[in-house]
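Top line first, the protein sequences correspond to chains A, B and C.
The end of the first sequence is residue 275 by the numbering used here, with every number in the run present.
The end of the second sequence is residue 273 by the numbering used here, with every number in the run present.
The end of the third sequence is residue 276 by the numbering used here, with every number in the run present.
Which residues of chain B face chain A? A partial, calculated answer using Cβ under 7 Å:
1. V48
2. R52
3. V53
4. T88
5. L91
6. T92
7. Q132
8. V142
9. M143
10. P148
11. M152
12. V258
13. M259
Rather than coming from a laboratory, the hints here were simulated on the basis of the structure.
By construction, the Cβ of each residue, glycine as well, lies at the ideal position given by its N, Cα and C atoms.
Given next are the chains, with one letter for each unit.
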Amino acid sequence: MPVRYLDNSTSLANAQWSAKTRKQQWLSWLTWLLGVSLFILCWKMISDNTLWVFVEDAPKQGADLISRMVPPQWDYTPKLWQPLWDTINIATFGTLLGIVMAFPCAFLAARNTTPHPLIRSAALMIIVSSRSINSLIWAMLLVTILGPGLLAGILAIALRSIGFVGKLLYEAIEEIHPTPVEAITATGASRLQVMAYAVLPQVMPAFAGISIYRWDINIRESTVLGLVGAGGIGLQLNAAINTLAWDKVSMIFILIFATVLVSEWISAKVRKAFL
Amino acid sequence: MKPLLNRTDLARQGQWRPMPLIRDVRYRYLLILAVLAYFCLAFLSIDVNWTRVAEGMGRAARFLSAFLQPDFTSRSQDIINGLLESLTMTLTSTVIGVLLAIPVGVGAARNIAPLPIYLFCRAIIAISRTFQEIIIAILFVVMFGFGPLAGMITLAFATVGFMAKLLAEDIEDIDERQVEAIRSTGARWLQLMNYAVQPQVMPRLIGLSVYRLDINFRESAVIGIVGAGGIGATLNTSLSRYEYGTAAAILIIIIAIVMLTEYCSGYIRRWVQ
Amino acid sequence: MLSIQSLSKRYNTGDRALTNVNIQIPKGQVVALIGPSGAGKSTLIRCVNRLVEPTEGQVFLGDTQLTQLNNRQLRAARRRMGMIFQDYALIDRLSVMENVLSGYLGYTGFWRSFLRRYPQDVIAEAFRLLERVGLESFIDKRADALSGGQRQRVGIARALLQNPQILLVDEPTASLDPKTSRQIMRLIRELCAERELSAIINIHDVHLAQQFADRIIGLKAGEVVFDGEPEALDTDMLTLIYGEEDWNPQTDTEDDDSVQTQTPDPIRMGAKVAMV
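Please model the entire structure based on the sequences and the hints provided.
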């Protein structure tokens with residue numbers, strides 16, 4: 001192999017290496033500068049809106065809070081079973097209702113099953129709106145419209161679930177194998193039959209998994225819906241906080257924690273069974 | 001009596017039904033019965049005040065019509081303040097949360113961290129992930145007082161749990177050969193992190209941060225309900241005053257910003273990878 | 001029986017897939033369609049049952065002009081054309097029986113098919129077909145539990161349950177080993193003979209085509225360049241269809257991996273070695 005030597009040894013001594021060119025370096029510094037100043041600006045806005053006297057007091061407040069929370073008021077538990085039952089019902093019925101509405105939405109929103117691009121954008125709009133708004137906000141709206149109670153909670157969970165289930169499901173539909181669709185179309189099947197025979201069996205496992213996963217999330221979310229009056233254990237939580245009964249609050253936290261763990265376990269089990 | 005035929009013989013005569021999902025007949029009926037019983041019980045325990053619902057229909061109609069002509073102007077100052085607060089909370093909490101999540105995430109990766117640190121970091125993640133943001137917000141409002149600081153700390157705390165868990169999983173999945181290669185050059189621990197681990201997880205870390213920014217904005221709209229600042233407080237006030245026009249305007253703004261951030265984050269994530 | 005008249009297809013991307021294709025297929029004839037990848041074989045058979053819409057030209061099945069039908073009429077016409085696919089195109093998560101019965105979808109309403117309520121004689125017929133292809137003990141197996149050859153048999157049974165007049169077969173053996181390929185081709189051949197079916201078979205394997213088809217059509221860049229008896233397909237014709245290549249089977253087996261020379265041996269090229 002011929003080796004090419006550098007005849008000019010000074011160039012080797014002065015050799016500099018850098019991962020970026022001069023211009024890129026400037027640009028990256030500028031970006032950092034902008035980012036940091038934006039962050040400082042935001043921070044200043046927040047600190048202007050904060051009473052720092054309270055913040056200095058925070059460790060004491062925190063310690064006080066914990067001392068009031070421990071021990072939890074165990075004998076409060078019997079009064080919590082009914083709200084807990086309601087919470088689970090809100091999550092379950094809300095999920096079911098959400099799934100029922102999300103299912104057609106997803107088929108209308110998937111590029112390969114939608115009957116028309118205009119309908120597709122409408123379905124996507126529904127999905128995005130539903131996803132953008134937290135279930136608590138939905139609950140707040142529905143409580144002012146329908147009055148407090150379980151119904152508002154169920155509808156709030158359902159409305160939020162449409163977007164979640166709809167989005168994941170339409171993505172699953174867009175990822176199916178096209179050949180079975182071709183094959184079923186070639187038998188002379190109608191549009192609906194193609195959906196039922198070629199598309200549905202392919203997305204069914206994904207659909208079941210998504211629904212169970214959403215149910216699991218909904219259990220968590222329905223525990224706090226009561227804060228805005230939409231029923232469930234959150235109502236008790238709200239009452240306990242308003243009366244500063246922190247030992248009851250900690251009891252409710254423990255129950256929520258346990259429920260969430262159980263629902264997570266069930267959801268993991270069922271999902272494993274489906275896949 | 002008809003002779004008992006198996007499914008093949010029945011199919012030959014044209015008698016065929018799809019296989020049931022659950023083979024055992026008793027188990028199948030038990031399951032159906034249990035589900036039915038649950039639904040009956042649950043349905044009976046939901047008592048709905050139908051007269052109140054009927055009254056609500058008028059309000060629902062008014063709300064829907066408010067959506068067609070949202071009122072951006074009459075409370076514009078409140079909306080702008082709330083929105084600015086939400087956006088600042090979102091940005092600061094994401095930055096702080098991600099910065100804090102990096103050490104926690106590194107500590108929660110089993111292939112890098114020693115066991116005591118691993119357990120400690122995993123505990124932080126578990127606590128942060130179990131409770132809803134709003135519950136954490138309640139506690140922080142009690143501690144730090146009303147205002148955006150409590151909201152920011154809440155969101156930063158939630159961000160730590162979310163990011164650290166995913167970061168830890170990413171680090172556990174990295175290519176060991178690259179780590180070995182850098183280690184064999186005699187690099188220090190920090191150099192190892194910088195040369196072998198960081199390049200592998202950085203693109204996803206950036207992508208996830210952008211995604212979390214998106215989530216934090218959505219959450220910032222909620223935690224205002226319990227006094228932690230942001231647009232949620234404005235929304236709550238407008239709803240309790242039955243100012244549907246303003247509420248509709250706020251919701252439309254939230255949806256628009258979420259759509260925008262989602263679009264941008266998708267773009268950034270594609271650009272990073 | 002099937003008549004393709006001056007058929008052309010241009011895709012939206014501007015690619016011309018087919019140019020002025022004219023083919024007449026009488027009843028009971030098995031036609032092999034050969035040609036290099038991208039020659040338009042798949043497009044051609046998909047233009048027949050209009051899974052791909054042709055740009056110009058007409059296709060007649062019997063007296064029906066397929067290219068003029070509205071949606072409803074097209075569905076009815078598709079029932080008369082059974083299609084068999086390269087990757088079987090079965091519904092993996094449904095049972096073998098359900099897969100075969102899906103061939104009856106064009107004859108039944110949505111709810112009946114959704115609830116799997118099929119007439120007794122249809123189920124019996126589906127079972128007879130499964131027996132014919134040797135899969136009667138697999139009716140309750142899920143389609144993804146079968147081997148490649150078995151899946152292709154299910155695909156054939158599904159196509160036959162349509163009670164078709166013609167089979168459109170797209171690379172039936174491309175995913176199968178040589179032995180199974182021959183079995184599947186023989187099965188298709190026999191079934192065509194039993195039921196007096198015509199068939200168009202897209203196939204890569206020239207060997208199999210010559211062995212099992214009554215007639216061979218060579219397609220190159222969307223145009224018919226050869227149409228005739230299998231015996232008439234000589235090395236000159238293969239060169240015309242596929243481009244220059246040493247078509248001698250002897251040298252093929254001798255130096256399988258070696259790069260073929262750009263200019264084939266003129267003596268061998270002239271010798272017209274039989275391919276069977």
